[in-house]
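*Asks:* Protein chains in written order, with my numbering: chain A, 1 to 498; chain B, 1 to 498; chain C, 1 to 498; chain D, 1 to 498.
Please note that the accuracy of each hint is not assured.
Claimed, not checked - Calculated pairs, DSBU-like style, for lysine-lysine (alpha carbon to alpha carbon, straight line, at most 30 Å):
#, chain 1, residue 1, chain 2, residue 2
1, D, Lys352, D, Lys428
2, A, Lys13, A, Lys335
3, D, Lys256, D, Lys214
4, D, Lys13, D, Lys428
5, D, Lys214, C, Lys352
6, C, Lys13, C, Lys428
7, D, Lys335, C, Lys214
8, A, Lys428, A, Lys352
9, D, Lys13, D, Lys335
10, C, Lys428, C, Lys352
11, B, Lys13, B, Lys428
12, D, Lys352, D, Lys13
13, B, Lys352, B, Lys13
14, C, Lys13, C, Lys352
15, C, Lys335, D, Lys214
16, A, Lys214, B, Lys352
17, A, Lys214, B, Lys335
18, A, Lys335, B, Lys13
19, D, Lys335, C, Lys335
20, C, Lys335, C, Lys13
21, B, Lys214, A, Lys335
22, C, Lys335, C, Lys352
23, B, Lys256, B, Lys214
24, B, Lys214, A, Lys352
25, C, Lys13, D, Lys335
26, D, Lys335, D, Lys352
27, A, Lys214, A, Lys256
28, A, Lys352, A, Lys13
29, A, Lys335, B, Lys335
30, B, Lys352, B, Lys428
31, A, Lys13, B, Lys335
32, C, Lys256, C, Lys214
33, B, Lys352, B, Lys335
34, A, Lys335, A, Lys352
35, D, Lys13, C, Lys335
36, B, Lys13, B, Lys335
Note that these hints are calculated values from the structure, not bench results.
Protein chains: 4
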Amino acid sequence: MVTADANLFLEDKPREECGVMGIYAPGREVARLTFFGLYALQHRGQEGAGIVTCDGRRAYSHKGAGLVSQVFNEQNLSPLTGHLAIGHNRYSTTGGTHLRNVQPYLIETIHGPLGLAHNGNLTNALQLREMLLRRGVGLSSTTDTEMMTQILAAPVEIWQQNGLTVIDEEDGWIPRIRAMMQIVDGAYSLTILTNNAIYAVRDPRGLRPLSLGKLPEGHVIASETCAFGTIGAEYIRYVEPGEIVRIDANGVTSFKGAEPQQRALCVFEYVYFARPDSMLDGQVIHRVRQNMGRRLAEESPADVDIVVGVPDSATPAAIGYSLQSGIPFSEGLTKNRYIGRTFIQPDDGLRKQGIHLKFNALTSNLQGKRVALVDDSIVRGNTAGPLVQLIRDGGATEVHVRVSSPPVRHPCFMGVDMATYRELIAHKLDVDAICERIGADSLDYLSLPGMLGAISDTTGFSNSFCTACFSGEYPLNIPEWLFESDRSKLQFEGIWDA
Amino acid sequence: MVTADANLFLEDKPREECGVMGIYAPGREVARLTFFGLYALQHRGQEGAGIVTCDGRRAYSHKGAGLVSQVFNEQNLSPLTGHLAIGHNRYSTTGGTHLRNVQPYLIETIHGPLGLAHNGNLTNALQLREMLLRRGVGLSSTTDTEMMTQILAAPVEIWQQNGLTVIDEEDGWIPRIRAMMQIVDGAYSLTILTNNAIYAVRDPRGLRPLSLGKLPEGHVIASETCAFGTIGAEYIRYVEPGEIVRIDANGVTSFKGAEPQQRALCVFEYVYFARPDSMLDGQVIHRVRQNMGRRLAEESPADVDIVVGVPDSATPAAIGYSLQSGIPFSEGLTKNRYIGRTFIQPDDGLRKQGIHLKFNALTSNLQGKRVALVDDSIVRGNTAGPLVQLIRDGGATEVHVRVSSPPVRHPCFMGVDMATYRELIAHKLDVDAICERIGADSLDYLSLPGMLGAISDTTGFSNSFCTACFSGEYPLNIPEWLFESDRSKLQFEGIWDA
Amino acid sequence: MVTADANLFLEDKPREECGVMGIYAPGREVARLTFFGLYALQHRGQEGAGIVTCDGRRAYSHKGAGLVSQVFNEQNLSPLTGHLAIGHNRYSTTGGTHLRNVQPYLIETIHGPLGLAHNGNLTNALQLREMLLRRGVGLSSTTDTEMMTQILAAPVEIWQQNGLTVIDEEDGWIPRIRAMMQIVDGAYSLTILTNNAIYAVRDPRGLRPLSLGKLPEGHVIASETCAFGTIGAEYIRYVEPGEIVRIDANGVTSFKGAEPQQRALCVFEYVYFARPDSMLDGQVIHRVRQNMGRRLAEESPADVDIVVGVPDSATPAAIGYSLQSGIPFSEGLTKNRYIGRTFIQPDDGLRKQGIHLKFNALTSNLQGKRVALVDDSIVRGNTAGPLVQLIRDGGATEVHVRVSSPPVRHPCFMGVDMATYRELIAHKLDVDAICERIGADSLDYLSLPGMLGAISDTTGFSNSFCTACFSGEYPLNIPEWLFESDRSKLQFEGIWDA
Amino acid sequence: MVTADANLFLEDKPREECGVMGIYAPGREVARLTFFGLYALQHRGQEGAGIVTCDGRRAYSHKGAGLVSQVFNEQNLSPLTGHLAIGHNRYSTTGGTHLRNVQPYLIETIHGPLGLAHNGNLTNALQLREMLLRRGVGLSSTTDTEMMTQILAAPVEIWQQNGLTVIDEEDGWIPRIRAMMQIVDGAYSLTILTNNAIYAVRDPRGLRPLSLGKLPEGHVIASETCAFGTIGAEYIRYVEPGEIVRIDANGVTSFKGAEPQQRALCVFEYVYFARPDSMLDGQVIHRVRQNMGRRLAEESPADVDIVVGVPDSATPAAIGYSLQSGIPFSEGLTKNRYIGRTFIQPDDGLRKQGIHLKFNALTSNLQGKRVALVDDSIVRGNTAGPLVQLIRDGGATEVHVRVSSPPVRHPCFMGVDMATYRELIAHKLDVDAICERIGADSLDYLSLPGMLGAISDTTGFSNSFCTACFSGEYPLNIPEWLFESDRSKLQFEGIWDA
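Just chain A, with the same shape it has in the complex (with noise of 0.2 Å):
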């Protein structure tokens, strides 16, 4: 049955928070390429956008609310000289939405200069906000972000009497990254601007993806490899887990960072995150999915006559789960494209009929036809049911949901928007009770082994990937007060924007 309170626009997806570049190519507009860049890894973060820029000497900053093509024009992106830039697509985890908390940060420091942009969440942040302001460091904002460009900015002899190990070096900010990686802990993919050179840093386990890409007059650095081809740059290599890359003027250098530990990239930029045309771990995400459809295929297969996506995330695997089971793939929903958010509520007329807003169901295909209806993920499991009532509307005889990744049934607290317990439907239903929840004829998931193996098929890679949210095996610890409390409880007391 479709319940009233269905949401009428948003899709039942976490939400990735961010997307970060970093770019030093001498000779061009570093600020136009980090915005081309940005924009093609918008889908990482629609609420804000920012890009910092050095000239060397000086260093320029701009950034704001909204999708990056509304943040930026002309006439504040041309100030932005240099030929180092960072850039940064928010999606607000912590911090709020507030502008002031939109990166990438930029300070000055003893050291001169610097800027960072973040992908991620730390695990200890509340130990190290509190480290900060003991050492009588004031925070104007709720950030991870912040913190570290404050923790930058300290002295290798504060680290030293803290007891940590650090080797100088001819660059400064190696042993200062370094001794950061060994406070911090949690998810976090960074691009750094210092004076003369573009810094990538990726967390021990390599929880969230970052890549090294070249162009004609320098390098690259992106979260994602979409980003590369959008600015013509070619990609070269993942960043390890562990590992600092410094580009500058001596080309690109690799430094040990921290020890790496067990690989742990997040599983869901295969499941739904990653652009289906960027790469992960050397093969295209769309591969992927279609493969993780096959083997869905296999392990739950249904009696229908179509195989309908859910467009435009399930469609390679329903594609996939059409390839493998012979069942001809068919367009079963439309999805409006003009996502401009509204704030304008329906009234109580639609309210009751629990219109979906966001797709149409496409009769033509559908009548009379019993039909698979493949999606990538369930998380809160509230636009399920709608959809469900939406292909039976349009004619559909029996509807099976057919989901290409296992039940989420816990959150996440590595810097992906999820859910808390009490909101994942599966941490609550079992899959039977879902399936009758969302007024389906059959319901069923793909396993977690099949869903490794689908990737493990494709790239070879197994077992290095994150998959608390499925399995509830954190690669790392996460402090007791993060499961008890809500996400908004990281909200520190204190400071609220008004």
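Chain A is already provided as a structure; the job is to place chains B, C and D on it using the hints.
*Replies:* Frame of chain A, contents of chains B, C and D only:
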């Protein structure tokens, strides 16, 4: 070869000018319903939106530039009270993008308030303009729409003095609308609001679509049926060419407005404009497009490994091509969904590479493959080249372009922003030359009979379409000056917005 | 006693509705000159501003809500090219504050472009409106100004058919303007722009001011002469009641527009509206106001230690009172110059104290003093009480209020937003009761003969003013319904802005 | 002679940098009170405004660019809850106009939230900046204010390590504020907000004013006493140089913050900055200015017919000049009150005429008169010439300029945007040469002893003022580089806003 000035953002498609809505529904929040209807019709115009309502005594209006979700918020929507509403999505053909050209128009007449929303283009606009000016009516804009409101504002006697046969009736608006239909020529699908009724009016050739639907509490008019599903309305029928439909307290009444002529529905609605889930002539557009793809496969087979469609509009035709040919359908291109328009220009480096920011290649599906790339239409031909190159760069060994409609060789003067003669690539080059220009291994278009056959096979309708842009056979008289001159010449001299 | 609901920000003054400009000056940037002229006339209207220019072939327009400095910037001013310009500052009396009511109006007519800016109010607006609607002209706003443009758009034949005597002339606009002057009634000072001339038009009673000035390269029309100094123009003369002045390539030509009637210039221009440095009837306003203060001192002496004026408008009268009485003038009140309107409401505590945010007392000058507080007018009487209290709180032992104009007892229907009968304190209470209400030790107004005497002493003009708000003797016929109803009833039913 | 580049809009005055507010008042809406206080202090800064409140647990902040009435509305004011508030009006001296420099600053510290609003300028900013950076604190802006918050965020131990004597107390903020006062040098009047108290802090020389007032429910701190009247507070006393005043649940407590030094209150507060209705040293400013005018009349009589002041600031001095000399005071200039800044540039014609848009002459009062034109100060000297010309054009036969303060010959480094040496006309020219430059018949300034005498006669205070801009005797050590360089050099290299 990829040309350097390839447009990096826009697609090579003609642009439909408008979507119209009209609702009569006592007890419902009609402005809200109209908002959601316009939301569903957003693809028909993204430059402006407006809603006019009436409570039987007063009329209320709000309009603005941008997407419907940008123009409206709860604060400006809620004062739009009443049980009658019309709405409009604007893409400007004539009249410029200035706010004062945004529709609907609302004026006070001797007969009470009059609102009008218009989809189409009048071919005798200059004569009508002069007629009004001679009558002593000043005009504050350059739109057809303002002219039509002023024509309707005239008392019937004026028409009678001008030799028009106007039979008086109980409902005075009917003879006035009929009089207008006697003097305006061109394409028009209108929704009209008065103190106590909504009228739907369609030109005698039915050039632009217009459909009637049913709500539990009343009725609704929309350019496309996809708006009905969104607001919980049921499709009843389309408005007939030359028909006036009145919706008021007495329900739906049909009047003959003008002698219907040979129907000439714009065939491009089937090819590209209409949303795939809308119905025309009783058939879902998606199915017709699939059949065009099937026909294309019959007419122009290709010895390839996979069939790839240009997303999203050509996907149905590509699926049809695949189904008919038995060659597997595969996703080969991804499209950046975050279409927020940007005015940031690429730097020289990007320009030289001819990068296409809107699409990326799915290399995993293309590597080593011979590809049939199906598109629904080619107009200026400026994006086909970069797309072919993208497919090649993605690893394809051959790229055979197949277009599911005939070559576009003639401009449109009936409400579509197509292009001028000198911009149309098929007006300047033959198919072989276009093939060479875009760098494809082969190029084929669906024939005109093939396209019409695909439509009639599905819908039963044949020979009732305007095919002027393909055939050069215009269904109505086009003034010579229109052919000779640029569209923008329709801008009358005299007033210009600063 | 100070009432709790004292308005904390606004002053108790009537509001002039508009300022108009017109410039003909080949070789100059007329839009720029008009901007600075409107800047000088800003006190005549702060709700909207607009400029229309013409280069002889095309007309250009920009207008918006707010102060002239807010509406215009270099970007929107520079496209306003040409050598002809009209401009307008708006304070809305009729027509609401909606953008579409902002002037000047610009329309295309059969005779070419027509721009019109209007200061005044038509008393037969409803009849004119009906006349136009009956003629089949739809109206998109509720302003007099749109009506006048549509009246002028009509061919002369229409007027001849209606029995008007219209003599044809070389310049077709002259008979059309004359025809309009035969049918509109009320107060109007207009500037009109056509393809090749600027026209200045003043109603037969000369209710609102309008002056002609000379630039090195042409001529200028303005509501007040203070605009001349600002743009380097010299005052020539005022436009005569009933006169049409044309400025074009042939220089300045005068036409009789309508038979002049007994002049009835709004006397409130002398009392409060006009800037003190403007000239009326050949005399600087400041001197006339000083003389009003002298007369007031003669008629209503006060046994006080100092004379204090309510800044800034009553300062000249206070100086006159001081000069005549020999009692020292002293500044006793300061005014917060930063008048940016705020919509922040005071809390209960502030409300109870009846604090006046616009003024503060200068205690050093007031301490232990008996004070004559001179104001130029009292309309609603809602700020006089708080001012008296402020003076007392500042240490004054006695406060004697002296007003340099008679009690305002009647509303204005000729273009001034005065108040309705039930709002006018002097319509409801006699002078003693007002004195008690505002808590003064004594209260006196200048008599009507005294005020007119002060004017005629300075200017030589007497018996040629509209004194309706003081005397109730209206210089023209006021329809009964206007007396009976609220101003806002002028809003015709039908269209209302949301 | 009138120079061609006369600034047409701005006045030739130094600009005070800021106004600060602080309120502790349980039971009142303190943000609202702060708003009205800032409204009264608007003359001290028009570029930005902000309010920070605290409810004892959380702190709330809103700030923005523009006038306080533009920055705040009910929607952003109402979330600022609590019983503690500080506020700030900004005119930028250091730090640029970028939003991130708008005050108050609010940070989280180990001691809880900390808000700070600052009026003044630190002369050892560069050393402080380096000290903070060396301590490992990154800085995100170029303001003194951010530095002071970071200094206060440090634990006392840091100060003790640095050899500062810091006595611990019950209230930990007192020793921290004292420690800060030991290391910062320059002018500062601060309001500080913490979890449970408001602090007012004034530098040991008392360079900028700061006063304490009483509300029925608590206390208030403001830069000027005029803010007290506006919010219904009573003046108690000024904050002593070097004093820390704490306002909390225990009422008002005074602490010695630093050893007071010879007081050096900015004498320009008396000359121009402070509102005439504010009190300094127990006397209303208006009276002091009147006495300056009296002294000026004694020192520099003029054989003239009338005394005219440059409105509004010089009116009190002009009245004093008139009272002392017995020559009648007269209004000779009017000022356009609608000061909305415009960026429209005059055309060449206007530029050549040297028109002054801000003032107009009152010819009726000037015709045939010998005029003493009293101004309060001349800084750059760019508007005096056009004013003299305006008076002459208004008909004056002679213009004798009298200035009620000495020639400004030295820049200010203590929080006033005066000008640089090369901009100060009296640094480059002697009085005779200035007289010739501005085209006056004679020119005289009040002597320094005369000015100080006028103040001490009224207030009893003498020899306790900073007169550096007149005398060159700076009350504190000014670093050499400040003298040598432009103000803007204070902008540290490194970060720059795009």
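*Asks:* Can you confirm whether the C-alpha distance between Lys335 of chain A and Lys352 of chain A stays at or below 30 Å?
*Replies:* holds (21 Å)
*Asks:* When you check the alpha-carbon spacing of Lys352 of chain D and Lys428 of chain D, does it fall within 30 Å?
*Replies:* Satisfied, since the Cα-Cα distance of roughly 25 Å is no more than 30 Å.
*Asks:* Between Lys335 of chain C and Lys13 of chain C, is the straight-line Cα distance small enough, at 30 Å or below?
*Replies:* Holds, at about 15 Å.
*Asks:* Does Lys352 of chain B sit within 30 Å of Lys214 of chain A, going by the straight-line distance between their CA atoms?
*Replies:* Given that 30 Å is the threshold and the Cα spacing comes to 17 Å, the pair holds.
*Asks:* Measure nothing beyond the straight line between the CA atoms of Lys13 of chain C and Lys428 of chain C; if it is 30 Å or shorter, mark the hint as holding.
*Replies:* The hint holds at about 17 Å.
*Asks:* Within a Cα-Cα threshold of 30 Å, do Lys13 of chain A and Lys335 of chain B meet the stated pairing?
*Replies:* At roughly 19 Å apart (the allowed maximum being 30 Å), Lys335 of chain B and Lys13 of chain A satisfy the hint.
*Asks:* When you check the alpha-carbon spacing of Lys13 of chain B and Lys428 of chain B, does it fall within 30 Å?
*Replies:* Given pair Lys13 of chain B, Lys428 of chain B holds - Cα atoms ~17 Å apart, limit 30 Å.
*Asks:* Would the pair Lys13 of chain D and Lys335 of chain C pass a check requiring their Cα atoms to be no farther apart than 30 Å?
*Replies:* Distance of about 19 Å is within 30 Å: holds.
*Asks:* Run the distance test for Lys256 of chain D versus Lys214 of chain D: straight-line Cα separation, threshold 30 Å.
*Replies:* holds (21 Å)
*Asks:* Holds or violated: are the alpha carbons of Lys335 of chain D and Lys335 of chain C at most 30 Å from each other?
*Replies:* The given pair, whose Cα atoms are some 14 Å apart, holds under the 30 Å limit.
*Asks:* Between the alpha carbons of Lys214 of chain B and Lys335 of chain A, is the straight-line distance 30 Å or under?
*Replies:* It holds: about 23 Å lies between the C-alpha atoms, which stays within 30 Å.
*Asks:* Regarding the pair Lys335 of chain C and Lys214 of chain D, is the alpha-carbon distance no greater than 30 Å?
*Replies:* Holds, at roughly 23 Å.
This entry satisfies every hint, going by the numbered hints stated previously.
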